[in-house]
Amino acid sequence: MMLRSAISPENLGTATAPPVLEVSNLTVEFPTRHGTLTAIDDVSMRIEPGEILGVVGESGAGKSITGLAVLGLLETPGRIAGGEIHVAGHRVDTLSEDELTKVRGSEMGAIFQDPLTALNPLFSIGAQLVETIRLHTGLSKEGARDRALHLLREVGIPAPEERLKQFPHQFSGGMRQRVVIALALAAEPGLIIADEPTTALDVSIQAQITTLLRRLCKEHRTGIMLVTHDMGVIAETADRVAVMYSGRMVETGRVEDVIHDPQHPYTKGLMAAIPSLHDRVEILTQIDGSMPRLNTRPAGCAFNPRCSVAGPRCRLDRPEMVAAGRNRAACFLHDGGTQ
Amino acid sequence: MSTADAILSVDLVSKQFDVSAPWLNRVLERKPRLFVKAVNEVSFSIPRGSCFSIVGESGCGKSTVARLVTGLYSTSAGEIRFGPGTAGRAVRVQMIFQDPQSSLNPRWRVGDIIAEPIREMKLRKTENETRERVEDLLRIVGLAADDVAKFPHEFSGGQRQRISIARALASEPELLVCDEPTSALDVSVQAQILNLMRRLQQELGLTYLFISHDLSVVRHMSDTIAVMYLGRIVEMAPAEVLFTAPQHPYSQLLLGTIPDIHAPNRDRSPQTGEPPSPLDPPPGCTFHPRCPLADARCSREDPVLRAHGRASVSCHAVAEGRAPALDRKDT
Chain Z
123 MMLRSAISPE NLGTATAPPV LEVSNLTVEF PTRHGTLTAI DDVSMRIEPG EILGVVGESG
183 AGKSITGLAV LGLLETPGRI AGGEIHVAGH RVDTLSEDEL TKVRGSEMGA IFQDPLTALN
243 PLFSIGAQLV ETIRLHTGLS KEGARDRALH LLREVGIPAP EERLKQFPHQ FSGGMRQRVV
303 IALALAAEPG LIIADEPTTA LDVSIQAQIT TLLRRLCKEH RTGIMLVTHD MGVIAETADR
363 VAVMYSGRMV ETGRVEDVIH DPQHPYTKGL MAAIPSLHDR VEILTQIDGS MPRLNTRPAG
423 CAFNPRCSVA GPRCRLDRPE MVAAGRNRAA CFLHDGGTQ
Chain W
184 MSTADAILSV DLVSKQFDVS APWLNRVLER KPRLFVKAVN EVSFSIPRGS CFSIVGESGC
244 GKSTVARLVT GLYSTSAGEI RFGPGTAGRA VRVQMIFQDP QSSLNPRWRV GDIIAEPIRE
304 MKLRKTENET RERVEDLLRI VGLAADDVAK FPHEFSGGQR QRISIARALA SEPELLVCDE
364 PTSALDVSVQ AQILNLMRRL QQELGLTYLF ISHDLSVVRH MSDTIAVMYL GRIVEMAPAE
424 VLFTAPQHPY SQLLLGTIPD IHAPNRDRSP QTGEPPSPLD PPPGCTFHPR CPLADARCSR
484 EDPVLRAHGR ASVSCHAVAE GRAPALDRKD T
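So the protein lines, in turn, are chains Z and W. Counting from 123, one number per residue, gives the positions in the first sequence under our numbering. Counting from 184, one number per residue, gives the positions in the second sequence under our numbering.
Simulated from the structure, these hints should not be mistaken for lab results. Each hint should be verified, as a subset may be incorrect.
Said to hold, decoys possible - To be clear about the criterion: a stretch of chain Z counts as covered by chain W if any three or more of its residues have a C-beta under 8 Å from a C-beta of chain W, and this derived list gives those stretches: (1) 186-198; (2) 216-230; (3) 395-401.
Unchecked claim - Not close to chain Z: a few residues of chain W, all C-beta gaps over 10 Å, as computed: (4) R216; (5) A374; (6) F426; (7) P458.
The beta-carbon is built from N, C-alpha and C at its ideal position, and this holds for glycine as well.
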């Protein structure tokens with residue numbers, strides 16, 4: 123597969139600055155006693171400055187692993203077995219741990235699902251913010267404190283002067299997630315990996331956090347990779363979406379196009395399976411079966427056992443990403459039309 | 184709502200939890216006793232064969248209501264009454280829990296898990312009949328009869344939830360209390376379980392008390408919906424009415440902030456603020472600190488649930504006619 127094929131058509135010719143993230147043909151493997159498991163298989167994506175890419179999929183689809191691979195936080199024995207990752211034009215997958223530490227935080231920030239475990243319970247919010255800011259910017263203690271105040275104000279925490287002295291347990295879930303976002307923004311990175319940032323929060327708080335992410339992304343021209351299982355959050359927040367299934371990307375395109383006119387049979391099933399808020403149907407469209415585990419992935423297209431339009435070719439060959447409607451999809455329906 | 188054909192009537196039920204510090208700390212540090220009113224004077228009734236849902240954010244008391252109904256908690260005040268059961272016996276109630284990983288015993292075979300209620304309640308005379316019944320139940324929920332010898336870990340999350348449903352059906356219940364039955368499942372599997380639950384309801388004439396935070400799931404399943412906030416029901420209405428014309432400001436907030444996949448990237452202005460601590464609820468209407476319509480009366484006086492059109496709403500602004508009508512049909 124050509125490296126450039128990851129570029130979506132609407133971005134061609136508009137990119138002056140390098141993309142904040144360019145992943146090409148990434149493969150992540152986990153060697154185990156029972157053979158090597160391929161968690162990510164030949165995935166390419168790119169995020170422009172000021173753009174939010176939603177990465178959606180069911181549990182085990184490999185969406186979180188993709189985020190961790192970009193951050194260089196894969197847990198052993200996981201390893202990048204192929205492909206390249208470029209952050210702001212620099213290759214990061216070949217960096218040593220020391221070099222990575224410098225890139226993490228300054229060029230890419232991370233927001234994880236549970237804000238309680240992302241913060242140190244023994245230090246005040248102020249101490250954690252000041253430490254992070256000083257590590258990446260070399261500001262003086264006073265300068266870092268001012269910046270911390272500015273960041274807390276920016277993410278919408280009321281009375282930041284008092285809040286700086288408080289500890290994580292004194293914050294509510296939504297406020298804690300705001301602190302984590304402030305930490306991720308500390309060094310103004312060009313890329314933020316947000317892994318299920320709203321999953322632990324209630325809907326009314328969730329809306330506050332996604333609105334905040336959108337505002338920050340547009341104001342600071344930060345690129346955000348929003349990893350979530352919740353199609354609703356993607357619909358509300360992302361500009362483009364990448365749908366993953368069993369370690370591969372199956373469809374990508376603009377959010378409206380993927381939602382209203384999905385091209386891959388899996389995406390179609392997924393969209394129809396979500397109960398609507400507007401009208402009630404007697405029976406929801408369901409995709410029978412469940413996603414195969416890593417060690418029982420079928421030959422050919424991983425979706426073929428659950429696919430209603432699968433043909434002989436789907437059980438033999440692996441489909442590549444090709445243009446499909448206004449999106450790109452990995453399905454033989456759109457690649458010659460012969461399944 | 185008439186209570187004549189109700190399978191369950193809950194009347195002014197409250198539940199308090201004692202969350203005081205240990206006795207010695209209270210004496211030494213002079214801390215007062217502390218109670219959380221998890222459920223506060225909640226009343227509703229469920230007509231036979233329907234699906235009644237309770238929605239709300241975490242900590243609003245919806246799961247506590249489920250546990251009160253199934254008798255896992257005792258009530259602090261109020262009364263829970265069951266209607267007459269069929270075939271002259273009392274109404275049987277069963278519960279389906281959120282996480283099938285933790286609600287199935289990992290050391291038991293599926294056959295024993297499902298047979299336990301049958302053996303315990305002596306619903307079948309011989310072991311042979313019990314085995315047949317277990318195999319029937321497995322088929323009803325879409326599993327294979329030879330799955331009886333397997334252990335829960337051999338199944339996927341969706342299949343495990345099917346096992347929980349089979350176990351719940353084993354005692355031939357009329358009322359099923361489902362506490363977030365699909366929250367731990369992926370969307371494509373969630374649709375399978377919701378379809379199964381709808382089919383079972385029609386085939387077996389079940390009544391559901393359905394607890395969920397997911398409004399789109401609730402909309403799909405329910406006939407009537409109650410919205411809870413900080414231990415109280417703030418609005419109760421038929422599903423269609425609630426979703427097209429929510430009246431309580433909190434219902435409007437909830438419906439306005441849920442992500443809607445059919446309206447991507449719509450502009451929203453989420454309301455600020457967070458639910459207050461249930462340990463120290465605000466006086467008057469508990470929603471007043473976040474409510475755009477709150478006035479002096481709201482911070483003083485508890486509103487009561489009153490009929491407004493086809494819905495019951497607990498709000499001074501709605502009662503006084505100060506609340507703007509919201510029609511969501513066009514959005």
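Against the structure, the hints come out as follows:
Counting residues of the stretch 186-198 of chain Z whose beta carbon lies closer than 8 Å to any beta carbon of chain W gives 0, which falls below the threshold of three, so the coverage claim is violated. Restraint check on the stretch 216-230 of chain Z versus chain W: 0 residues with Cβ-Cβ distances below 8 Å, three needed, restraint violated. Chain W is given as covering the stretch 395-401 of chain Z, and this holds because 6 residues of the stretch bring a CB closer than 8 Å to a CB of that chain, at least three being needed. With a minimum CB-CB distance of about 23 Å to chain Z, R216/W clears the 10 Å threshold, and the non-interface call stands.
Look at A374/W: its CB is around 4 Å from the nearest CB on chain Z, not clear of 10 Å, so calling it non-interface is violated. At roughly 7 Å, the least C-beta separation between F426/W and chain Z is not larger than 10 Å, which violates its mark as non-interface. For P458/W, the non-interface assignment is contradicted: its Cβ lies about 8 Å from the closest Cβ of chain Z, within the 10 Å cut-off.
In this structure, the hints that do not hold are numbers 1, 2, 5, 6, 7, in rising order.
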